[in-house]
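Engineer: Top to bottom, those sequences are chains X and D. Going by this note's numbering, the first sequence opens with residue 1, and the numbers climb by one from there. Going by this note's numbering, the second sequence opens with residue 1001, and the numbers climb by one from there.
There may be inaccurate statements among the hints.
Stated by the list, open to error - Calculated pairs, BS3-like style, for lysine-lysine (alpha carbon to alpha carbon, straight line, at most 25 Å):
| id | chain 1 | residue 1 | chain 2 | residue 2 |
| --- | --- | --- | --- | --- |
| 1 | X | Lys109 | D | Lys1198 |
| 2 | D | Lys1203 | X | Lys128 |
| 3 | X | Lys109 | D | Lys1204 |
| 4 | X | Lys86 | X | Lys109 |
| 5 | D | Lys1036 | D | Lys1022 |
| 6 | D | Lys1067 | D | Lys1079 |
| 7 | X | Lys125 | D | Lys1203 |
| 8 | X | Lys103 | X | Lys204 |
| 9 | X | Lys103 | D | Lys1203 |
| 10 | X | Lys103 | D | Lys1198 |
| 11 | D | Lys1198 | X | Lys86 |
| 12 | D | Lys1198 | X | Lys125 |
Bear in mind the hints are in silico, worked out from the structure with no lab data behind them.
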Amino acid sequence: MTSKANDERKSDIVYDVDNLNLWYGNDQALRDVTLDIKRNEVTAIIGPSGCGKSTFIKTLNRMVELIPIVRTSGEIYYHGNNIFEKTTRVEDLRTKVGMVFQKPNPFPKSVFENVVYGPRIHGIKSRKVLEEIAEISLKRAALWDEVKDRLHDNAYGLSGGQQQRLCIARVLAVEPEVVLMDEPTSALDPISTLKIEDLIHELKQTYTIIIVTHNMQQAGRISEKTAFFLNGEVIEYDRTEMIFSTPKDKRTEDYITGRFG
Amino acid sequence: MANGSGSGKYEKLAIEAPSFQKRTKRRILLDKVAGKLFSLSIFFALAVLCILLYQIVSKSIGWLDFKFLTGNLSMDPYKAGIRGVIIGSVLLMVVVIPVTLLLGVSTAIYLEEYAGKSRLRSIINTNISNLASVPSVIFGLLGLTVFGRLFNLGSSILAGGLTLSLLVLPIVVVASQEAIRAVPGFLRDASYAIGATKWTTVKKVVLPASLPGILTGSILAMSRAIGETAPLVVLGIPTLILRIPNGLLDDFTALPIQIYYWTLDTVLTAEYANLAAATIVVLLVLLFLMNSAAIIIRNKFQKRY
Ligand SMILES: Nc1ncnc2c1ncn2[C@@H]1O[C@H](COP(=O)(O)OP(=O)(O)O)[C@@H](O)[C@H]1O
Ligand SMILES: [Mg+2]
Chain X
1 MTSKANDERK SDIVYDVDNL NLWYGNDQAL RDVTLDIKRN EVTAIIGPSG CGKSTFIKTL
61 NRMVELIPIV RTSGEIYYHG NNIFEKTTRV EDLRTKVGMV FQKPNPFPKS VFENVVYGPR
121 IHGIKSRKVL EEIAEISLKR AALWDEVKDR LHDNAYGLSG GQQQRLCIAR VLAVEPEVVL
181 MDEPTSALDP ISTLKIEDLI HELKQTYTII IVTHNMQQAG RISEKTAFFL NGEVIEYDRT
241 EMIFSTPKDK RTEDYITGRF G
Chain D
1001 MANGSGSGKY EKLAIEAPSF QKRTKRRILL DKVAGKLFSL SIFFALAVLC ILLYQIVSKS
1061 IGWLDFKFLT GNLSMDPYKA GIRGVIIGSV LLMVVVIPVT LLLGVSTAIY LEEYAGKSRL
1121 RSIINTNISN LASVPSVIFG LLGLTVFGRL FNLGSSILAG GLTLSLLVLP IVVVASQEAI
1181 RAVPGFLRDA SYAIGATKWT TVKKVVLPAS LPGILTGSIL AMSRAIGETA PLVVLGIPTL
1241 ILRIPNGLLD DFTALPIQIY YWTLDTVLTA EYANLAAATI VVLLVLLFLM NSAAIIIRNK
1301 FQKRY
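This is chain D alone, in the form it adopts within the complex (with noise of 0.2 Å):
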């Protein structure tokens, strides 16, 4: 009705004032409504992570003390502690660590600073994402074939973080390059300007200024790669390792897989409900320092251009 279009425009417009007020009400109503909607949905979403942590955390309770954190797995519920799969957790990221850091941060430097705007680049760029998003079984499978068996490291440490490492690799990155392209141009001009190489002026200039936004990145990939299950699933982690692993080419479990394993078995020994809370417990926990590090780190080291 209010389409007022070509000549007869303004008339209409004074004549039907009103009928405008009555739907800029009817606006601003709608406006409440959906305002209302969408914290529902958020209150909704956040009831059930409620419950959910009520659920684990009373659980684990009278389960998770000093003893199950330092004791070894065991058959006997009552025995049983984490102290070995926490050490296979921290194993498996003194693989990942290294592996996706170095990698991760060569390919961003060579995709952003090296690889000019050609064609190469551009697909290589859009696989990069494409892979981003395979799912994680994918990559066990990937695991399973290559360095399970091809290289022969089976189910070993070396084995689980190497595919852990693929799995995470592109979203270092990805976050690499992001923070590397936010590195403003009149900084690499400078540095170039007074005889620098491109290698140096990566260095000292590039690296430095983008470190903040690919430690964020790297901490969010570290703690996707601490709590994947499935593709250690694939790579077919033994249900029940005994011995502390001490080396990369042991066999060992990780705190997501453990609960998997116990979460199965709860039909045998009842008990095994409350250890796998127990270890969500610690897993959560884990990754609520790594999120928060990376936070830190990012409001720590904001935009100073």
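Chain X extracted, bound-state conformation (with noise of 0.2 Å):
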């Protein structure tokens, strides 16, 4: 293989992530994970409940390390750079990669604040520049035509699947290139939730999505890629339609036909 072809395919992957090992405390939550996440592709990661897949999306962007108990070794890769290693700002990383949360948390605040929290942050000063990266955010989440005209009203006041959106709309506002989200439908309504599975189709053009779901149909509508993971482990990573067709192995089986979990 040539070196150019070699560096094309590793500007590919965004995520090489190393043998990373987690503990809280003493108990081990991550045994040796080892895989690489592609550009533009979504990821998703299924497994029982308490598996460690929150644990893992939440150290791709370091927000596991808040918990003063978290020990980790093995290496995650971030386009090459380690992003233990001390020169990496966590700022950085946290803005390159957006995250959202099982649980709509929209800032109380209105509409327009919540989705320009981060621009602000990262010192956008020009209130029309602002509005238009509201706008385009907005747009991006799906969001704007149904909250257009009460971008000023306080975020408490829409619906559980509008928060979300919202959440997301505030993620891609600081230009993120991956999104990494923990069952982002888990508390939402049947048609919120397609909505945002329309969405996460939508946003694979531009970003790398990272999805925790475990609802399995789910994984099987929007993903490319499935990791499956049980006690911690990577039992089996793959194509999704690998996954749910011919699974290697008899506990990924036992897991998608239901026999646990």
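Both chains are given apart, each in its own frame, so use the hints to dock them into the complex.
Structural biologist: Structure below.
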């Protein structure tokens, strides 16, 4: 293989996770996790409750370190740079890698102020620029039409699904490259869930998405790759249709056929 | 008796059912009596309060007028006014408010957001709670030693204000800590997750969300400071100040201390009792206003998450 081809393949890989282990105090929550995540793909993380899905994606933007008892070993390369290196600033990492949580968590501020929170803290002051960013981000999050007349109303007045899309817009407003989503639809009704799934379809043109879900149909509908976690280990990681049609591991098969979890 | 344990439990229950009913009746009766007793004790406290209020207000009638509020202090009770005293109290607050807010809120932010779960933090926390229960005379002695003598501030407004600041600082710290702790973690997470630093998160998420709680606690602390007498007495605030203070280094007198001195001097001049009563009414109205403000803020910004 020529070095140019090699480089191209390399830049296609956003995350390269290598032998990642993580402990909460003495309890190990991730064991030797090793996987690559490709650009502009949707990667789904599935597995029973407590298997380490949230822990894993919170490690990708180092949010997990906000819990004081956490220790890690192993490496995570983000575009070839080890994110645990001293030279990596978590603020930069988290600007590039946004996160959407299980429960919608808008700030108790207006819709507009929620969206421009990120741009503002990154130093943008011009009202006009902020308004533009708000409009673009809300459009990308498929929320603009529903909120354009109430931009200055409190975000707590929106429905759960709208709040979640607002949280997505808030992340998109800082132009991230990766969006991490931790069961973003588990607190939502089916219609809101479908809207978010459609949105994810749109977003993957521009962003790399890693989504935790314990809804297997959802994983099947939206993702290219699926990783099956069990007790902190990656049991199987493959193209989604392979995982769902011909799983290689008995435990994966048991899980996707609903025998446990 | 109805202590049915083990196998014969159900039989026993059936047999003793009527006596259970009797006992229930007795319990209900007891409940009613207890309720009455408790309301009686509230009634008693309220009655004493009313008598006090009545005495004070009736003594102040005819004395508390515009001339009293705007006049200068005087030995002659018929000429005395409390303009200087009110100004003294206001200037005290000019020292206490910024000092306690600045120190108190930063301490709370440090302890809640930066200190982690270290042993040092728990030691500091315990000591702050202990400080809150130290008698105010002790703070007066501290103020006298440190601000009055060491810093040579004497019995100036600055010395008094700093002493009162120390006194209410623990209250402000604890109230601010509680308000900060009540800000849900998911709001902080939202901020961190888009690349905010800790300070940005504190400034733009934590403080705005905890501000109502901090304000409520601080206003209550200020109303404590404005009514404190003992530390000022210890500092040696002069009995009679005929000059109106116009700087923080001037000597002064304040509402509670003026009440105290006038009350002491009623043996010399009986009318001083009326002056004291009128000043008490002024102080009470002030406290009432401050506490109402605290309640209004608390109700207006009640939990929104
Ligand atoms: N803050 C925490 N402190 C201690 N243990 C935790 C914490 N969060 C998660 N864990 C443990 O780590 C394991 C994985 O949890 P999590 O990543 O939340 O699983 P999932 O998202 O797959 O349900 C669980 O055993 C859980 O008890
Ligand atoms: Mg989870």
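Engineer: All hints are to be evaluated individually against the structure, with a verdict given for each.
Structural biologist: Results of checking the hints against the structure:
1. X/Lys109 to D/Lys1198: 19 Å, holds
2. D/Lys1203 to X/Lys128: 24 Å, holds
3. X/Lys109 to D/Lys1204: 11 Å, holds
4. X/Lys86 to X/Lys109: 35 Å, violated
5. D/Lys1036 to D/Lys1022: 21 Å, holds
6. D/Lys1067 to D/Lys1079: 9 Å, holds
7. X/Lys125 to D/Lys1203: OK: X/Lys125 and D/Lys1203 at ~17 Å, within 25 Å.
8. X/Lys103 to X/Lys204: 22 Å, holds
9. X/Lys103 to D/Lys1203: 23 Å, holds
10. X/Lys103 to D/Lys1198: 22 Å, holds
11. D/Lys1198 to X/Lys86: Distance of about 18 Å is within 25 Å: holds.
12. D/Lys1198 to X/Lys125: 20 Å, holds
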